[in-house]
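Engineer: Below, each chain spelled out in residue letters.
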Amino acid sequence: MTVAVQNVDTPGVNPAAAPRAVSSGGRRRGAGLIGLAPFAVFVGFFLGLPTYKIVVGALHGPDGSWTLASVRQLAHDPYKDALVQTVKLSLYTALLGGALGLAIAFAVVSSTSTLLRHVVSTASGVLAYFGGVPLAFAFLATMGPQGLATRWLVHIGVHLERFQLYGFNGLTLVYLYFQIPLMVLVIYPALEGLRPQWFEAARNLGASRAQYWRFVGGPVLLPPVLGAVMLLFANSLAAYATARALTSGSIPLLSVQIANTLSSNVGPSQENLGYAMGLELIVIVALAMVGYSLLQRRAARWAG
Amino acid sequence: MRYARWTVLGLAGLFFVLPLGASIEFSLRDKGNGHSFSAWRQMFDVPGFTDGLVTSLILALGTMILVLALMIPTVAWLHLRLPRWRRTVETICILPLVIPPVALAISITGTFGADGVVGKQTPWFFTPITLFGQQILPILLLEYVVLALPFTYRTLDAGMSSISAATLVEAARNLGASWPTTLLRVIVPNLRTPILSAAILGGAMVLGELTLALLLFAPTFPVWTINAGAQADPKIGVAASMLILLVSWILLMMMSLLGSHRPNKLARRAAR
Chain A
1 MTVAVQNVDT
11 PGVNPAAAPR
21 AVSSGGRRRG
31 AGLIGLAPFA
41 VFVGFFLGLP
51 TYKIVVGALH
61 GPDGSWTLAS
71 VRQLAHDPYK
81 DALVQTVKLS
91 LYTALLGGAL
101 GLAIAFAVVS
111 STSTLLRHVV
121 STASGVLAYF
131 GGVPLAFAFL
141 ATMGPQGLAT
151 RWLVHIGVHL
161 ERFQLYGFNG
171 LTLVYLYFQI
181 PLMVLVIYPA
191 LEGLRPQWFE
201 AARNLGASRA
211 QYWRFVGGPV
221 LLPPVLGAVM
231 LLFANSLAAY
241 ATARALTSGS
251 IPLLSVQIAN
261 TLSSNVGPSQ
271 ENLGYAMGLE
281 LIVIVALAMV
291 GYSLLQRRAA
301 RWAG
Chain B
1 MRYARWTVLG
11 LAGLFFVLPL
21 GASIEFSLRD
31 KGNGHSFSAW
41 RQMFDVPGFT
51 DGLVTSLILA
61 LGTMILVLAL
71 MIPTVAWLHL
81 RLPRWRRTVE
91 TICILPLVIP
101 PVALAISITG
111 TFGADGVVGK
121 QTPWFFTPIT
131 LFGQQILPIL
141 LLEYVVLALP
151 FTYRTLDAGM
161 SSISAATLVE
171 AARNLGASWP
181 TTLLRVIVPN
191 LRTPILSAAI
201 LGGAMVLGEL
211 TLALLLFAPT
221 FPVWTINAGA
231 QADPKIGVAA
241 SMLILLVSWI
251 LLMMMSLLGS
261 HRPNKLARRA
271 AR
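Chains as they are written, first to last, in our numbering: chain A, 1 to 304; chain B, 1 to 272.
Honestly, the hints are just simulated from the structure, not real lab data. Hints are not guaranteed to be accurate.
[Claimed, not checked] Label pairs and their calculated CB-CB ranges:
# : chain 1 : residue 1 : chain 2 : residue 2 : range
1 : B       : A177      : A       : S248      : 57 to 65 Å
2 : B       : I129      : A       : V158      : 38 to 46 Å
3 : A       : A99       : B       : T50       : 52 to 60 Å
4 : B       : R41       : A       : G291      : 36 to 44 Å
5 : B       : R87       : A       : V158      : 44 to 52 Å
6 : A       : V84       : B       : F132      : 42 to 50 Å
7 : B       : R185      : A       : L33       : 20 to 28 Å
8 : B       : G133      : A       : A99       : 41 to 49 Å
9 : B       : L168      : A       : L33       : 19 to 27 Å
Small disclaimer: the values here were computed from a predicted structure and weren't measured. By construction, the Cβ of each residue, glycine as well, lies at the ideal position given by its N, Cα and C atoms.
Take the sequences, apply the hints, and build the full model.
Structural biologist: So this is what it looks like as structure tokens:
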């Protein structure tokens, strides 16, 4: 919950809002916050408490005393390498998946077929969560040494010996299988919100297609696109079942390491290490959120 | 432009259909070189098939209802009354994505289980209740709602941003509508696509989720799939995972088609 605490005070510190709060806004703002109460209670209980447990676990030793020992271990291999690989994989799949998903969503939104829209949005919903052993297997059956596509390609004389499904590039490709649908699904409402009237109005006023995207479409779409890419980044940070099934540990991702320490019976000291890695993931996302906030602010200025 | 669109869709179709096709082909392989439906037929005889399927469907439906009931008012409220808090809520909502499911499952047991953070007693939502003849673990449902938060928030937020909500609500309020009326009859109809997307994502997530169910000992369909694949025949495991994909897709497709058949098709055509 460290993330939340940073932002909680911001409304209060804003000097512009302060005088109004003194005169008449105080009661109204209190009433406004009540609207968030159901969300706050639910999330505090079912997300906040487990998160608190992870944070506390990361800062404790096996004997129950406070210590930074587990956190310090993160700076050494194999955990340092795991951090690098995890962030790299998440970054690549978020950017690639974001770009490809955006292209597909555009293709769908610009077509007049409603059936296509239904098929793509529902299929995206299902595939965005397809993962683990079934996904790893599906790719092995397609592009593994004896896979369907591999055999076809060999049949027409193409050999892809340099491509390793179990390697980093292979894992990136497999991750795109759930990242792209997620992007399609999340960005679709924003694309649908781009009114055709805006384009027509811009054209009537003499704007070129490029100018429309530079001054109207782009600024409107940029914040939701950034938000979606951020979501994709977070989504692949903790994904583990697929990586574990496909690479069986040859690429040491943080999520795989966490599962190893928490689900095996290696002892309580390992449990604290697992929690420490969990905390590490939370911190990465908090940092990414800060960067994303700054980007959003720039995007808002561009639009303004 | 039109060619570009069909090229994009064609390539995407190939990328997404091929692995599924290869899986299905594998599940149809027979002894020798032929193909048959034997794995698909045997699947129904493995004990626990129906129970697992129904349990997963109940959980999916419950998650959709709960997460929408919680998040539609929250997101609407954020946009209309507390825009400053949007970034905070967004940050909180993204957290469930990053907490590794294994860590979440262990810490849930540590928090709510006996001798946990909450107390000595196991709370009521940590013991199964019977719903439609199936044993449902309330905490699993509640944590699925938590897991559904990131995508629900993102889609609803994008939807709210794209309608001029403030104007609509002002108009409704000026005409004397109460807050609940405004929410149900002005906001919700305008958010149909995002609400559907959110429900679809939530449902699909529950139907495919494995780690949490496994570690909290809930007999859902994905858990059954893993066991069937391991105990009976890998082909049955593959067939079952393809089946759940197909079933969720058909269900969502039905929801999507039914949800969009509304009279304002005419109005939309007029607006174009």
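Engineer: Now, for every hint given, state plainly whether the structure supports it.
Structural biologist: Cross-check of the supplied hints:
1. B:A177 with A:S248: 57 to 65 Å: holds, 59 Å
2. B:I129 with A:V158: 38 to 46 Å: Between I129 of chain B and V158 of chain A, where Cβ atoms are some 56 Å apart, the hint is violated.
3. A:A99 with B:T50: 52 to 60 Å: The hinted range 52 to 60 Å is violated for A99 of chain A and T50 of chain B, with Cβ atoms some 43 Å apart.
4. B:R41 with A:G291: 36 to 44 Å: Because 53 Å falls outside the window, the suggested range is violated.
5. B:R87 with A:V158: 44 to 52 Å: holds, 49 Å
6. A:V84 with B:F132: 42 to 50 Å: holds, 48 Å
7. B:R185 with A:L33: 20 to 28 Å: At roughly 25 Å between Cβ atoms, L33 of chain A and R185 of chain B fall inside 20 to 28 Å, so the hint holds.
8. B:G133 with A:A99: 41 to 49 Å: With Cβ atoms ~47 Å apart, the hint holds.
9. B:L168 with A:L33: 19 to 27 Å: Holds, since L168 of chain B and L33 of chain A (Cβ atoms, about 23 Å apart) stay within the stated range.
Of the numbered hints stated above, those contradicted by the structure are hints 2, 3, 4, listed in ascending order.
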